[in-house]
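Go by the hints and put chain B onto chain A.
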Amino acid sequence: MTLIFEQLLNGLLYGVMLFLMAAGLTLIFGIMGVINLAHGSLYMVGALAGAWVANATGNFWLGLPAAMAASLLVGLIIEMTVIQRLYDRPHLDQVLATFSLILILNELAVLLIGRQPIFLQLPEALTDPIELLPGLPYPPFRLLIILAGLLVALGLYVLINRTRIGMLVRAGSTHRDMVRALGVNIKGLYTAVFGLGALLAGLAGFMMAPIGAVQIGMGEQILLTTFVVVVIGGVGSVKGAFVAGIALGVIDTSLRAFLPGFLRQIMDGPDADALGLGIASMGIYLLMALVLLIRPKGLFPMKG
Amino acid sequence: MPRKLLPLLLIVALACLPFVADWLDQRALQSLVARIMIYAIAAASLNLILGFGGMVSFGHAAFFGLGNYAVGILYFHFADSTSLFGFIPGTDNFLITFPAAILVAGLFALLIGLLALRTEGVQFIMITLAFAQMIFAFFVSLNGYGGDDGLIIRKANTLFGMSLRNKTTIYYVILAVAVGYFFWLHRVKGSSFGNILAGIRQNEKRMVALGINPFRYKLFAFVLAGMGAGAAGALMAVFLRFASPDTLAWTKSGEFMIMVILGGVGSFVGPIWGAATFLVLHDYLASWTEHWQLFMGLLLLFVVLRTKGGIAGAIESFRARFK
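Chains A and B are the protein sequences, given in the same order.
The opening residue of the first sequence carries number 1 in the numbering used here; numbering runs sequentially from there.
The opening residue of the second sequence carries number 1 in the numbering used here; numbering runs sequentially from there.
Treat the hints as calculated values from the structure; they're not laboratory data.
Among these hints, one or two may not hold up.
[As the list claims (entries may be wrong)] In silico contact screen, one side only, chain A against chain B (beta carbon under 8 Å); selected entries: (1) I104; (2) L108; (3) V110.
[As the list claims (entries may be wrong)] Covered, in the sense of this in silico footprint (three residues per stretch, anywhere, with C-beta under 8 Å from a C-beta of chain A), are these stretches of chain B: (4) 48-61; (5) 121-135.
Glycine residues also receive a C-beta, built at the ideal position from the N, C-alpha and C atoms.
Excised from the complex, chain A in its bound form (with noise of 0.2 Å):
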């Protein structure tokens, strides 16, 4: 019973890292009509100079905005570089373009800091379980990272529903050309966008630094089911980002925690383990293909 609550919170966390990334990746594309392989780029740079700077100064919490300043830098450049010139282009012209910044950027990051994974120490503080339930200890970064997705979703919401460049976000996804011609400065609200979107990515990757390993190439596990959580939480709307990606969070943890002994117990173990993490690997795939042939726009789809 504990081992399932446990593998909940984990599904949760890893739901609320992928609605980080989603959140962003659902409004450029809403908004600007982009599609962002470059995304997950983003991530590893967030990841990475957290890391860096991290290790560097042996301060765990100067990493923080260190990652979250790096990604925005980034993601600005290339906003003003690249994907301005693809507003109005076909989606082939962006997936290659954006599959390109992928190339660069990854070598850059070789260039700049090897091949060599980082490891971040987490602070002693942040280590020590603590008991949630009676038998159930858990890490309380994990629960600080499942607090912090949290405010930043709730923050996300009062600043789209509730503030006046919420309302011009919400404007700019349904009808571009009239907020156009009403005077507002698209343009600027667009690489504000992307600039909220690379925060975002950045964030999610300096939280991941920890639990996982920070090297070349992370970016690209995360980008494709971050594709999936967009595309089943309907393209453009946060809220489907929210939903779709804490379910494929829960959905994907208890697959890969569950299904090997499922298997185990007609197969042997290596095998078991192997086929278990494939069919839990294809199982958020088959869930999108499952939920476009219901719905062919996600679960939220925009209206306009």
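Quick look at chain B alone, frame taken from chain A:
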């Protein structure tokens, strides 16, 4: 007239290449050209749906990899003297493995196409990617067939009693398949099917108004494209004597798209130029620096943002200027 002579000249040049390479003591050249021909088939098959049909599929590696694994798995059971699913005996006969690879890729393309073609736009891009990732994850998890490491095809296939382990024999097999494939593709492009496909790309509503059901034509094109990629994957397996999960990876789908766009989307000869440029650049840059991806990325970015119609488009406008 010279335009009609050009393909013939190219075929003759390719047929002479093994002798020339041998004479120049440049054995690597022959293997490079063989790989270019294989990738040209794969890229051209993607171009059939992407360029002619306007369907941006981001999962084309699935069919390439399925063809690759079909040859690998049949050989695995042949070498092991076991049978697949308990009733299909393994074989190393190219006359069986090659059509089998095309058939398997075509069947999966039919299945995936039936589902994926219900969506369009970004959802189509993502659902094709999703299906390819599913197949990738499945093969990586099959420990019996090498899992992560792939399958080594130790003795290669045989054709009419000849071992295809011989690099020159397999070179001519690849050349024959490539010539046949591009000849066939030329016929397809000029056929009424090719015209309807182009019509659907340009204006789907108008084709519906003409009484044509676009779904059936798109699906047919999708299956044909899958079979082409399967053929290329099978050739790759025999040529490298290796079936690898890399052939299924999403970056491979990206490479095929790069070749198509480098050559020029929708251009008949574009994929040949694209595959040649990509592989020559890749080999050249990789031998020069380990950071070849940086230069490849910059070049690709330039082509996407700055040129119209890739290499074939550039040649076309060059030709128009000096007419």
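The hints, checked one at a time:
no.: 1; hint: I104; verdict: 4 Å, holds
no.: 2; hint: L108; verdict: 7 Å, holds
no.: 3; hint: V110; verdict: 7 Å, holds
no.: 4; hint: 48-61; verdict: holds (count 3)
no.: 5; hint: 121-135; verdict: holds (count 11)
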